[in-house]
Amino acid sequence: MSTNKPINLQENFLNQARKENVPVTIHLVNGFQIKGMIRGFDQFTVVIDSMGRQQMVFKHAISTITPARPLGMQIQQHPAQVTEGNPADAPTTVSPKEEVKAQ
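With this note's numbering applied, the sequence shown corresponds to residues 1 to 103, in that order.
Since the hints were made in silico from the structure, they are not lab data. Take the hints with a grain of salt, since some may be wrong.
[As the list claims (entries may be wrong)] In silico DSS-like cross-links for lysine-lysine, where the CA-CA straight-line distance does not exceed 27 Å:
#, residue 1, residue 2
1, K35, K19
2, K35, K5
3, K19, K5
4, K59, K19
5, K5, K59
When you get a sec, could you build the whole thing from the sequences and use the hints?
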């Protein structure tokens with residue numbers, strides 16, 4: 001029985017932006033934008049400091065989150081998800097100083 005959890009890209013992205021204190025722009029589905037720093041998040045909400053105030057934004061209202069700079073994220077697929085012989089299925093690494101590259 002495997003104890004490997006699926007990779008949660010959304011959680012990794014939000015947590016990295018929070019830990020690195022990277023300013024983000026949250027684009028809402030109604031067209032509004034909120035700029036600030038992510039302070040926390042859970043399954044349904046994101047808390048952001050914006051212009052000296054904290055705001056809780058419900059994830060269902062978010063269209064896109066854009067960081068002010070690239071995040072130092074490691075994005076890797078679970079080995080069982082990689083198809084042998086297909087380089088497009090190889091794990092990728094994203095770092096703030098490099099372009100996306102296949103390993």
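Fill in: Indices of hints not satisfied (ascending)
As far as the earlier hints go, only 2 is violated by this structure.
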